[in-house]
Structures are given as C-alpha cells and as structure tokens.
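Protein chains: 2
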Amino acid sequence: MQHPFDRATVLTPMDDGGVAGRTDAAYMNMVGPFGGITAAAMLNAVMQHPDCLGEPVAFTVNFAAPIAAGPYRIVALPARTNRSTQHWTLTLDQDADVKATATAVCARRHDTWSSTESRMPQVAPAADVAPTRLAAMAPPWCDQYETRFLQGQLADGVVTDDARGAVTMMWVRDTPPRPLDLLALAALCDAFAPRIMVRRARRVAAGTVSLTIYFHATPADLAAQADRPLLGVARASTFSRGYHDQRAELWSDNGALLATTHQVVYFKD
Amino acid sequence: MQHPFDRATVLTPMDDGGVAGRTDAAYMNMVGPFGGITAAAMLNAVMQHPDCLGEPVAFTVNFAAPIAAGPYRIVALPARTNRSTQHWTLTLDQDADVKATATAVCARRHDTWSSTESRMPQVAPAADVAPTRLAAMAPPWCDQYETRFLQGQLADGVVTDDARGAVTMMWVRDTPPRPLDLLALAALCDAFAPRIMVRRARRVAAGTVSLTIYFHATPADLAAQADRPLLGVARASTFSRGYHDQRAELWSDNGALLATTHQVVYFKD
Chain A
1 MQHPFDRATV LTPMDDGGVA GRTDAAYMNM VGPFGGITAA AMLNAVMQHP
51 DCLGEPVAFT VNFAAPIAAG PYRIVALPAR TNRSTQHWTL TLDQDADVKA
101 TATAVCARRH DTWSSTESRM PQVAPAADVA PTRLAAMAPP WCDQYETRFL
151 QGQLADGVVT DDARGAVTMM WVRDTPPRPL DLLALAALCD AFAPRIMVRR
201 ARRVAAGTVS LTIYFHATPA DLAAQADRPL LGVARASTFS RGYHDQRAEL
251 WSDNGALLAT THQVVYFKD
Chain B
270 MQHPFDRATV LTPMDDGGVA GRTDAAYMNM VGPFGGITAA AMLNAVMQHP
320 DCLGEPVAFT VNFAAPIAAG PYRIVALPAR TNRSTQHWTL TLDQDADVKA
370 TATAVCARRH DTWSSTESRM PQVAPAADVA PTRLAAMAPP WCDQYETRFL
420 QGQLADGVVT DDARGAVTMM WVRDTPPRPL DLLALAALCD AFAPRIMVRR
470 ARRVAAGTVS LTIYFHATPA DLAAQADRPL LGVARASTFS RGYHDQRAEL
520 WSDNGALLAT THQVVYFKD
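From first to last, the protein sequence lines stand for chains A and B.
So that you can map any letter, position 38 of the first sequence is 38 in our numbering, and since no number is skipped, the others follow by simple counting.
Here our numbering runs 269 ahead of the position in the second sequence, where the first position is 1.
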C-alpha cells in the first residue's frame, strides 16, 4: 500500500530530460497544492537524478503561480558540480508556463567538530498532548498531518494562545505515520499555518512566495526518529507592506535539530 | 568621485542579453571576491533590468565556485511576471563556467497592517563604541566596512566575548560612508565573519555556499538611515558535518528591521 506522500511526490522520467509529476487530491490547499508537497517533489527531482552528488544541504523554492490540478514537469539541471558540492537549478512548469523555480546545494558531508547552539524548547511529550481536531473548512493537505499544539494553534480560525510573536509550537508528523526522510522533512518545513493568521487570530488571504530549507539531519537522526512526531517551532520577525517572514526549527523528539527553515509569505490584510 | 561600492557593482549591458561586471580589488576576500559584493552585483542585475517590477522581497544567492579576478557575466531572466510579483533566475559565469546562481522575488508593495515582532537589542549607540582596528591579515573587503563590536568580535583571530551561541552584535556601515540603498543592504547581510570562527575563537577555513535575504526596509527607512551605522545581530543554530547556518538581523539605528538574512557556510574543522 503506497503512502499518500509517496504517491504525491513520485516522478517519472520524460524524453526531454525533465520528470513528470502530478498534483494529488490529498495534498491540495485552498488554491493549488500545499507548498510543502511541491517543495518535496522538486527536491525529489534532484535526489533521484542520476547525477546527484551527496545529500541536500540548502534548498530554496519560489512559488511563482498556482499549480493547476493535473500533470506538471520539473526540470532539474546541475549548474555546477565540484569535488564535494553540487549546485542545482530547477523549474516546475505546466505546458511551458513556469509555476515554481528552485535552487539546491548538495554535498558529500563528513564528520567534523559539531555543536548545536539552539536549545530545544522544554515541552510536554507528544503523547501527553491531544491531537488537533481539524476544522471542517481546513483544506485537504491538513488531513495529511497529525498536529498536537503546545502554542499558537490555528483551528476554526481562532488562536488559542497569546498571538504576540506569532509563535507556534507543535508536534507534527505525517498521517498515516511514515518513517521520516528528507523529502518528508522538506514538506514538514512548510506545515505551519501562515504567521499572519496566528498573529491576527483569524483567517487572512496569504501564501508562501519563497521558502528556504537548511538540512541538518544525519541519516542516523532520520532513522532514529522513524515515524514519531517532530517538534516544530515557528515565529515571525516582521509583518510589513503585504509580506511577512517566518523562521522555524524542526526537532527530533530526542533533541536533534533536523532542519531550520525560512519563508516569505504574501498576505492581504 | 565614485564610491568603491558603486564601482564594484556597476554592470554594462552585453549584446547577448547579459550584463558584464568585473571583480574589484577593494572587495576581494581570501579566495575570490567578498560574497556580499557578488550578491549586490547580482541583485543589481535584477534591479537595473528594464523589465524589473517593483522592489526585491526575497533573494537567494548560491556561491558555486570562486570567481577569478577579472570580468564576469550575469544573466538575469524573469521566469514569471504576475500582476504584482515577479520571479527571477540568475547565473553568474566566467567564460561559460558557472560561478554563482540566484533567484529573486520582486513585488510592488503597498501599505498593510504591520507589526515588527522581533525586538532590537538594547545596546550602546555607535558613537559610544570604538571602531575596530583591523588585523593586518584581514582581507581587503574588511577595509570597506567600519565595524564597532558589542559582542562576538573577530579580530586577530581572537574572539573577545563568550563564544557560546556564536553571537555577534556590531554597528556596521560602508566606509567611506555611503547612503544606504538595497544593494548596500544586501552586501551588509554578508558582512559578518563566519560563525565558526566566532564559536571556535580562531581562524577556520570557511565559505558561504548559500545566502538568502528578506528585504523589509521601506524607501523611507533607507532615506532615514542615510549613511549612519546599522546594528547587525548574527547567530548560528548548529554546526554539523562541515556546514553551519547563520541567521541575522539588520536594524536601522532608529529601530526599523531592515532585513533578515540566513546563510549556510562550509567549514573545515
């Protein structure tokens, strides 16, 4: 039985050097697919490319226009390959109409001196926090994630905590549960509600325009995490002239910083 | 008398649709030019493009290989233009050898509800902090910035404050002073020493591989700031397997958040 996430990110080689994907009903958002699933599919175009070197370190996706329900093409080109790093440029189009662009930096990584400077918030374990009951109006992709909120919950268009700082802390994982990999981690980086809704405590028209992910998870971190919930922490720095930022961390439940991620979100308020 | 920053970022249209630039001795780093000046030149290729819509909102540069001293070409293409947003893809090459890639999102911005959630650190004003005396071994680009350190100074390969958290706070501006604009702001986003050197309190081989900038400054913010020092605050989340992140804020001296920026840095330690 194929997991919906795998179904939604599968890509088939095309004769022109691109790969063909298709939007998946389970991951649709208000307009077009959930950005995280698009990011995962684009990252997959790099990772399954026969020329891919090492693993992704940095990944930026720019959402240029809504992706229509149906097929799309991703073209991933290695712009430069060095001894231990590789730089990719990507476009996602539908009938030559560009819907997203991206860049990725991959690298062969090896052990060095290491230290995590950020501290994982001390919170109740996932098992002690009730899963969120989704609002009837929630878009389909929300059903693909199990969330357990510690702060900054967005449900039924209402925030249940102090909105200042636009902070959300939540346990989150794919549902049905799926062992964590880098593609799922990429999608999880976009699984926070737009900060403007948390800050304003109501629904606001909003959409991510640019998303950057830095991957810190080791293969051992991913294997250790398996299919248990991750801790996600997101906040905003500033809301101004129709755009706001979001910065977020994703932690394993045993305290490894798996990814840091940033995005800029358009909003109408 | 042309300011060195303007000289180093000037671009000349070429017959092939690209623009020609040239590395500048004043902004050289240990290997190739200072990443901030390359970022500024690439952003300039977008902003001076006749088809440019609005102002930059998000900008990501990937440093793929050292840029050799001499001429280079930047090709900036609008991948998609919407009513109020525009998505750019860029490459910088030398004799068809790709040295950097980038993406930019531009937008026509207008007033909306706004709020800055981050707080500017309460620090001594720039006038009360002595300018840094540069180490003899500092690369040329360091001479193009006046820095006044409040925390996490890197000079003579020694940090003068507690290195934990890899935090740097400094007042910084172009020298000679130059009225702030978005190009200078982009370069300033890369004007922090690599966090690994602050954390380890010694020189370490390191280089930025990917840099993302979110622009928050309004035209009024830039005009009000003029040529006075900005407050820069940078820190790292994690150092692991040859790479570390950096997240930073740039504040005007009257408390406006001008830009937030993130980067991934390669290090050998």
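It should be emphasised that the hints constitute simulated quantities derived from the structure, not laboratory data.
Mixed in with the good hints there might be a few duds.
To be verified - In silico SDA-like pairs for lysine to any residue, Cα to Cα no more than 20 Å straight-line:
hint	chain 1	residue 1	chain 2	residue 2
1	A	K268	B	K537
2	A	K268	B	P340
3	A	K268	B	R378
4	A	K268	A	A226
5	B	K537	A	R109
6	B	K537	A	P50
7	B	K537	A	R200
8	A	K268	B	E324
9	A	K268	B	G323
10	B	K537	A	A25
11	B	K537	A	W113
12	A	K268	B	D538
Stated by the list, open to error - Some chain A residues close to chain B (C-beta under 7 Å, calculated; not the full set):
hint	residue
13	A26
14	N29
15	Q48
16	A64
17	P66
18	T81
19	V105
20	T175
21	T212
22	H216
Stated by the list, open to error - So, partial list: chain B residues that the calculated Cβ filter (under 10 Å) puts toward chain A:
hint	residue
23	Q317
24	H318
25	C321
26	A348
27	R377
28	C411
29	Y414
30	F418
31	A493
Glycine is no exception: its CB is placed at the ideal position from the N, C-alpha and C atoms.
_Those earlier numbered hints the structure runs against, lowest number first_ = 1, 2, 4, 6, 7, 10, 12, 13, 14, 15, 17, 18, 20, 23, 24, 25, 28, 29, 30 and 31
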